[in-house]
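There are 2 protein chains.
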Amino acid sequence: MVYHSPMIWNEDLTNTLDAVRCWSYEGGVVRETEKEACTEEVVVIVLNNRPISTLVASPVQLRELGAGFVVSEGLAGEIQDVQVQGLTVQVTATERSGSLSSIIESCGGPTSGTLMSHVKSSLVIEQELIFTVISAIVSELWERTGGAHCSVLFSGGELVAKSSDIGRHNTVDKVIGHALLNGIDLSGCVLGCTGRQPSGMITKAANAGIPIVVSKAATTRQGAETAQRAGLTLVGRVKQDSFCVYSHPERIAGLVPGNSPYSGGSLTDPQG
Amino acid sequence: MVYHSPMIWNEDLTNTLDAVRCWSYEGGVVRETEKEACTEEVVVIVLNNRPISTLVASPVQLRELGAGFVVSEGLAGEIQDVQVQGLTVQVTATERSGSLSSIIESCGGPTSGTLMSHVKSSLVIEQELIFTVISAIVSELWERTGGAHCSVLFSGGELVAKSSDIGRHNTVDKVIGHALLNGIDLSGCVLGCTGRQPSGMITKAANAGIPIVVSKAATTRQGAETAQRAGLTLVGRVKQDSFCVYSHPERIAGLVPGNSPYSGGSLTDPQG
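For the protein sequence lines, the chains are W and U, in the order given.
Numbering-wise, my numbering puts -1 at position 4 of the first sequence, and it's gapless, one number per residue.
Numbering-wise, my numbering puts 143 at position 148 of the second sequence, and it's gapless, one number per residue.
There could be a bad hint or two in this list.
Treat identical chains as interchangeable: a pair holds within one or across any two.
Each computed DSSO-like pair below joins lysine-lysine, with the alpha-carbon atoms no more than 30 Å apart [stated by the list, open to error]:
| id | residue 1 | residue 2 |
| --- | --- | --- |
| 1 | K30 | K211 |
| 2 | K115 | K30 |
| 3 | K115 | K211 |
No lab work stands behind these hints, which were simulated from the structure alone.
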């Protein structure tokens, strides 16, 4: 390979972020507003005319993604050509001997997790419980290693399950599994998670029938949309005295009049 | 489903963490020491006698993982039985109509990425570059959305590529892809990443021929082992004036005598 002088190539924000409508709670005041969120798309990588992987990715620099992926995964050596058509990346490259049988998912979340259920639950919680759930996300594994995620599950206002794991998705699966194996009704539960909530994470909670998901971190545009479609209440960006509700605010007491099932109505805005 | 009273179930640290040997640099002093790191294992989920997924996970609570996974991914409804044999979880459950064709990977990193290459590089860097690389990991996408990862690539001491993406692995693939498409010699590069370095991330860098990986965050036991085996220098837990080198410290100037290729020798210890 011929060596050229280094070439600066910076992050590209084209099509990577979008505005998401939400209800922002700050110091007792609720306002309908917008927050910026990442967008996520399912990208298909094709190597020498065979689809080899679907990745959940920010939809920019897909040529680079395709070229890098086949080499970094040990599937190919030299790159001959990369063509991008929509969200499909066609890579022509010298294949290395090895398995191409696996479908690999990126960290954005599994794409095979199909949203199967609309959440059915009349659960309504007090705003205070949001902060209680977040404060319960304390993991000794994280404190000792600096490399773990944590999920918690609350039922009837009480902590019923906590799990730490190197995989963010695994912590969610494990607390859901605990509830399933012990007859705890997931339709009465609140799930608290570390980290971001892309659509794959919301899909997991919705398929298990959990009505409320709470996270310190942000969601993606598709995560918020999935939550709205699934009938799930998504609360994110929880801080000391503030949070954002991205979908179905009627399950948080005091945010909408009468705590009635969501009917497309707007929130009570003390400022409006 | 019968509703029982809530049952507390806490995180389980059994077999989830281990001690990893490393070279700790603090304020100019290097010491050979040990740090705790997560352990990661490849767990196979079997649903009604068909293997459906391999997950990179902390090897605890595998019954709960299996039960939760098949429901949260929308593959099954009621759980009948879960049996764990080693790292294989056999779930018997009522399947939901839907695809079982995909193999889903967790956030711990893809397992199909086979380590194909031993890194060949005579690159040696000054300690100062470690802090420069970390300080270059600044992402506007993260600042605006709170939900993105970032990777940077340095060549000849200069920033040559930076990528932000919702997927941690994608940012690595994209900067590697940029180098491949622009003839930048990866054997002379340093990769800087946000977030943890499990074996899947190290495998990507090694397969691309990158000799040095730097991260603010921690590695797993298997990540450190993969880096050692691949001939790759892994630097983690970088802070204001400290870092840990988990493998092949000979590429960091001043840490080992003569900067010679690693021969199993110990580090120069100014305290010893």
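Notebook entry, point to check: Which hints from the list above does the structure break, by number from lowest to highest?
Noted result: Per hint list: zero violations.
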